[in-house]
Amino acid sequence: MAVITYLEAIRSAMQEEMQQDDNVFVLGEDVGKGGVLNTTKGLRDMFGEDRVLDTPLAESAIVGVAIGSAMYGMKPIAEIQFADFIFPATNQIISEAAKIRYRSNNDWSCPIVIRAPYGATGASALYHSQCPESVFFGTPGLKIVAPSNPYDAKGLLKAAIRDADPVLYFEHKKCYLALSADVPEQDYIVPIGKADVKRQGTDITVIAYGIAVHYALIAAEELAKEGISAHVLDLRTLQPLDKEAILEATAKTGKVLIVHEDNKTGGVGAEVSAIIAEELLFELDAPIARLCGPDVPAVGNNPPMEKFFLLSPDKLKEAMRKLAMF
Amino acid sequence: MSGTNGRLIEVTVPHLAESLVSATIGKWLKQPGDYVEQYDVICELFTEKVNTEMPSPIEGKLVKIIVGEGETAAVGEAICLLELPAEAGREASVGSGGHQEAAVQSGAALAVSGDQSMRGRYSPAVHRLAMDNRVDLSRVNGTGLGGRITRKDVEQFIASGGASASASAGFVSSSAAAAPSSAPAAPSAAAMSAQQANQPASPAQAAPAVSAQEAAAMKQAAHTPVRSSGLHLSANPPTPLIEVEGQPSDARNEYFIDVTPIRNAIATRMRQSVTEIPHAWTMIEVDVTNLVVLRNKVKDEFMRREGINLTYLAFMMKAVVNAIKDYPIINSVWAVDKIIVKRDINISLSVGTEDSVLTPVIKKADQKNIAGLAREIDELTKKTRAGKLSLNDMVGGTFTVNNTGSFGSILSYPIINYPQAAIVTFESIVKKPVVIHDMIAVRSMVNLCLSLDHRILDGVICGRFLQRVKENLEGYNSETQIY
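Chains as they are written, first to last, in UniProt numbering: chain F, 1 to 326; chain Z, 1 to 483.
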C-alpha cells in the first residue's frame, strides 16, 4: 500500500493497463508532456509517442479517432482536456460510440474510455468548471463513472479500460490533489455499476458522487457531534445506476438528500429521486431533498459568485441538518 | 486582545491556480506588531505551479503568524491574524455580531418551540410502521419539525415496548381513526346487497357471494346506457378501437358488443342508402344449365393452369358487365339536378366475413375476359378475408354484384351500395323441373335479384337490363371461350 493522490491513482491505472495490454493507448491534447493537469505525466517516456498520442485541438477528432481505432481492436483512452470542451465530441459519443453494439446486433462493440476532468475548482470560471454528465446520462449504451476517492479512481479506471463498451470517466479536478489515500499496489478493479456505502448512519441518507461525497463525509463527521447520524452512499457509477443500493440506502433512514455539483434541473439526482419515488414510497419519512448546483450555466469568477454556486461541507451540513430535523 | 478595540481578521491562503489545493509559506516579510497597508506583501508562497508574493488583503496590524516558514496550509486556511483599525473593526463587529445572535436565536427557537402544526401529518413510512406494528400514533412523541412524528420516533416507541401496550388498548382508537379511508367502500357494498335482496332473485345472482368491488363493478356496468330506440340512433355512437365483449349486465341474459369502426361505417352507409335512395326491387329466373355444363367441362383444366377456382360468379360478372355496356344508365349516380353516367365499369363485389361485409372493386371490369375476372375475384376475396385490402381496393365502384348464392340464399332484397344506382344478387343455382315446349325437364335454375334507385331507373329499363343479363347467361355454351 502507498498513500497516493487521486491524480496519481488515475495515472497509475493508465500506466498499469498500458503495461499489461499493448492495445491500450492514450490520446488527447498535450498528453505527451503530461497534459495541463499532469495526469499523463511521464507516460510518453515510458511508452513512446505511438502510445501517448498528441492530438490537434479538435475533440470530435479525438473521440472519432478513438472510436475508429477501437473498431480495429485497440483500446483507446481519450482525454478531453476539460470536460467543458466535450461538446464538440458529443455527436461521436452519443450517435456513434453508444450505438455501435446495438446497431450491429452485437457484432461490434466500442471499448473506449473518455476521461473528462470536470467540476469547479474555484477561480476557473465558466469554461473550466462545468459538470456535463447529465448531457450523456440519458443515453443508453454509455457507461458513466465518477469516482470520489483515489481507491475508486484507480479501480474504476481499470474496469473502464477493460470494459468492452464505451465508458465516460468523469474525474473531479478538485479531487486531484486534495484527496489522497492508501491505494493497493497490486492489481484490482472496482466494478462498474456498483455504488458504495462510504459511511453508515441511521438518521439521514446522503446520496452523492464525485467531490460531493467528500463534502458529505466531512459534514457527517461534524453532524455526528450534534447527534445526527448520516448514512452516505457514493453512487460511483452514474450509468447504469445501482438501483438496489439506492433503495437499500434510502430504506435505511427514510430521509434522503441527493447531492451533486451539476445543475439541479434534469441532473442525475432527478433520476435517483424518481427511482426512490417509484419504488419506495412507504419507506419515506420526509420529502426527497436535493442539494445541487443552481440552474445557471456555470460558476462565476468572483469569490461571492463562487461561494453562491459551489457546494461546500457547510452547505451540506445545513441541508443535512434540516433534513434530520424534519 | 489589544486595547484598540479592533477586530481580528484571518488572512487565508488564496486559490492561486487550477487544481491547486495548498501552498507552502516561504519567508514571512512582516512580523507580529507590524502595521501593514492593503496590498503590502506579507510573505512568500510556494506551490507546485507558481511561487508568488502574498499581498495583504486588508489594512491592519499583524498580530499573529499561524503558519510558520516552511509549513504548508490548504487553500482557505488561515496563515495569520490581522487586527483591523478600531473604527472599521467596530463596524464589522456590530454587523456580524448581530448576525450571529440572530442565528443562535433561530436555532434555539426551533429546538424548544411548542409548535405542533405538523403533529398530525404522517409520512408514508410512519403510517406503514404504525400499521405493521399496531402503534397508536396519538401516544407517540413527535420530535420532528412542528412536532411531526418521525420514523425514528415510531421505531423508538416500538423498541420501548409502547406498541404492545397500545395493541390492546390503543389500537381501538387507531382503527377508528383509520376508518375513513375504508369507509367509502363499505356503504356501497351494503347498498348493493340491499339492492340485490329487493330484486327478483335470478339464479345467476343468487349463486355467487360477490365481493364489494365486484358488486360495485356490476353496478357500474348496469348503468351503462344502452341505445335501443329514439333519435340518438341517427347520431354516431362512440367507436372504440377494440371490441369489448361480455360486460355483465344486471339480468345476465344479454351482453354488449361495442360498435367497432367498421361496423359503424357499415351501419352509417346502410342507413344513408335506405333513407336517401328510394329502393325498388325486381327478380328474374335464369336457366343456367348450359353454363353448368360449360363450367364442369373447363374448371379442372382451369384449376390446373391457373391455380384458382373458376366460379359461376366470373360468368355472372361477365354477363352483367356486357349488359351494362348495352344499358349504360345502370352505371350511374344520382346528383340531384343531374344524373352522372360513369364510363368506366367498376364492379363492386360484396364479400362477407364473419363480422362484416366489404365491397372491394374490380376496376375496368369491361376490359377483362372471364378468366381475368375469375382471377380478380379470387384475389380480392382472399385479400378481404385476410384483412389486407387497401383503401385503393375499396374505391371507385359503379355497380355492385352480390353473390348471395354462396350461402344458399334463393331470394334477396339487397340494399344499394350508396351512391350507386343498382345492385344485383346472384342466388343459388338449384335444379328444378321446368316446362320447355310443353315438356317437363330438369334444369339448373338461378334467381337474379335487382334493387334499383327509382330516382334514376324505372321498371322498363331494369327489366330490359335483367333480360340482357339473362340472355348473356343463357347464351353460354360448351363452345364459349373463357380467355
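Please keep in mind that the hints were generated in silico from the structure rather than gathered at the bench. Careful, some of the hints might be misleading.
Now the stretches of chain Z that chain F is said to cover, found in silico as 3 or more residues with beta-carbon under 8 Å [what the hints assert, rightly or not]:
{"hint": "1", "segment": "138 to 152"}
{"hint": "2", "segment": "422 to 435"}
Lysine-lysine pairs mimicking BS3-like chemistry, simulated, CA-CA at most 27 Å apart [stated by the list, open to error]:
{"hint": "3", "chain 1": "Z", "residue 1": "Lys152", "chain 2": "F", "residue 2": "Lys322"}
{"hint": "4", "chain 1": "Z", "residue 1": "Lys297", "chain 2": "Z", "residue 2": "Lys382"}
{"hint": "5", "chain 1": "Z", "residue 1": "Lys382", "chain 2": "F", "residue 2": "Lys315"}
{"hint": "6", "chain 1": "Z", "residue 1": "Lys27", "chain 2": "Z", "residue 2": "Lys61"}
{"hint": "7", "chain 1": "Z", "residue 1": "Lys382", "chain 2": "Z", "residue 2": "Lys368"}
{"hint": "8", "chain 1": "F", "residue 1": "Lys252", "chain 2": "Z", "residue 2": "Lys152"}
{"hint": "9", "chain 1": "Z", "residue 1": "Lys152", "chain 2": "F", "residue 2": "Lys198"}
{"hint": "10", "chain 1": "F", "residue 1": "Lys243", "chain 2": "Z", "residue 2": "Lys152"}
{"hint": "11", "chain 1": "F", "residue 1": "Lys264", "chain 2": "F", "residue 2": "Lys243"}
{"hint": "12", "chain 1": "Z", "residue 1": "Lys368", "chain 2": "F", "residue 2": "Lys225"}
{"hint": "13", "chain 1": "Z", "residue 1": "Lys299", "chain 2": "Z", "residue 2": "Lys364"}
{"hint": "14", "chain 1": "Z", "residue 1": "Lys299", "chain 2": "Z", "residue 2": "Lys342"}
{"hint": "15", "chain 1": "Z", "residue 1": "Lys338", "chain 2": "Z", "residue 2": "Lys297"}
{"hint": "16", "chain 1": "F", "residue 1": "Lys194", "chain 2": "F", "residue 2": "Lys225"}
{"hint": "17", "chain 1": "F", "residue 1": "Lys243", "chain 2": "F", "residue 2": "Lys158"}
{"hint": "18", "chain 1": "Z", "residue 1": "Lys363", "chain 2": "Z", "residue 2": "Lys342"}
{"hint": "19", "chain 1": "Z", "residue 1": "Lys30", "chain 2": "Z", "residue 2": "Lys64"}
{"hint": "20", "chain 1": "Z", "residue 1": "Lys432", "chain 2": "Z", "residue 2": "Lys383"}
Computed Cβ-Cβ distance ranges for the label pairs, DEER-style [unchecked claim]:
{"hint": "21", "chain 1": "F", "residue 1": "Glu279", "chain 2": "Z", "residue 2": "Lys383", "range": "48 to 58 Å"}
{"hint": "22", "chain 1": "Z", "residue 1": "Ser138", "chain 2": "F", "residue 2": "Phe282", "range": "44 to 54 Å"}
{"hint": "23", "chain 1": "F", "residue 1": "Phe282", "chain 2": "Z", "residue 2": "Asn51", "range": "51 to 61 Å"}
{"hint": "24", "chain 1": "Z", "residue 1": "Asn141", "chain 2": "F", "residue 2": "Asp314", "range": "29 to 39 Å"}
{"hint": "25", "chain 1": "F", "residue 1": "Glu279", "chain 2": "Z", "residue 2": "Tyr39", "range": "52 to 62 Å"}
{"hint": "26", "chain 1": "Z", "residue 1": "Pro32", "chain 2": "F", "residue 2": "Pro191", "range": "51 to 61 Å"}
{"hint": "27", "chain 1": "Z", "residue 1": "Thr52", "chain 2": "F", "residue 2": "Ala164", "range": "21 to 31 Å"}
{"hint": "28", "chain 1": "F", "residue 1": "Pro140", "chain 2": "Z", "residue 2": "Glu276", "range": "38 to 48 Å"}
{"hint": "29", "chain 1": "Z", "residue 1": "Pro32", "chain 2": "F", "residue 2": "Asp50", "range": "31 to 41 Å"}
{"hint": "30", "chain 1": "F", "residue 1": "Asp314", "chain 2": "Z", "residue 2": "Asn51", "range": "50 to 60 Å"}
{"hint": "31", "chain 1": "Z", "residue 1": "Ser138", "chain 2": "F", "residue 2": "Ala164", "range": "57 to 67 Å"}
{"hint": "32", "chain 1": "F", "residue 1": "Asp45", "chain 2": "Z", "residue 2": "Tyr39", "range": "41 to 51 Å"}
{"hint": "33", "chain 1": "Z", "residue 1": "Glu10", "chain 2": "F", "residue 2": "Met71", "range": "51 to 61 Å"}
{"hint": "34", "chain 1": "F", "residue 1": "Asp314", "chain 2": "Z", "residue 2": "Glu59", "range": "20 to 30 Å"}
Quick reminder that beta carbons are idealized off the backbone N, C-alpha and C, glycines included.
*asked:* For Lys152 of chain Z and Lys322 of chain F, compute the direct alpha-carbon distance and say whether it is at most 27 Å.
replied: Status holds; Cα separation ~15 Å.
_Quick check on a hinted range of 41 to 51 Å for Asp45 of chain F and Tyr39 of chain Z, using CB atoms only._
Hint holds: Cβ distance 43 Å, inside 41 to 51 Å.
*Taking 27 Å as the top limit, are the C-alpha atoms of Lys243 of chain F and Lys158 of chain F close enough?*
23 Å, holds
*Quickly compare the C-alpha distance for Lys363 of chain Z and Lys342 of chain Z to 27 Å and report which way the hint goes.*
12 Å, holds
*Return holds or violated for the Cβ distance of Glu279 of chain F and Lys383 of chain Z against the range 48 to 58 Å.*
49 Å, holds
*If you draw a straight line from the CA of Lys338 of chain Z to the CA of Lys297 of chain Z, is it 27 Å or shorter?*
With Cα atoms ~47 Å apart, Lys338 of chain Z and Lys297 of chain Z exceed 27 Å; violated.
*Is the distance from the Cβ of Asp314 of chain F to the Cβ of Glu59 of chain Z consistent with 20 to 30 Å?*
28 Å, holds
_Coverage assertion for the segment 422 to 435 of chain Z with respect to chain F, Cβ distance below 8 Å, three residues required_ = Three-residue rule not met by the segment 422 to 435 of chain Z, so violated; n is 0.
_Satisfaction of the hinted span 38 to 48 Å by the C-beta atoms belonging to Pro140 of chain F and Glu276 of chain Z_ = 57 Å, violated
*Could you see if the CB distance from Asp314 of chain F to Asn51 of chain Z stays within 50 to 60 Å?*
31 Å, violated
*27 Å Cα cutoff - pair Lys382 of chain Z, Lys368 of chain Z*: 19 Å, holds
_Check whether the Cα positions of Lys299 of chain Z and Lys342 of chain Z lie no farther apart than 27 Å._
33 Å, violated
Hint compliance for this structure: hints 2, 5, 12, 14, 15, 16, 20, 22, 27, 28, 29, 30 are not met, and every other hint is.
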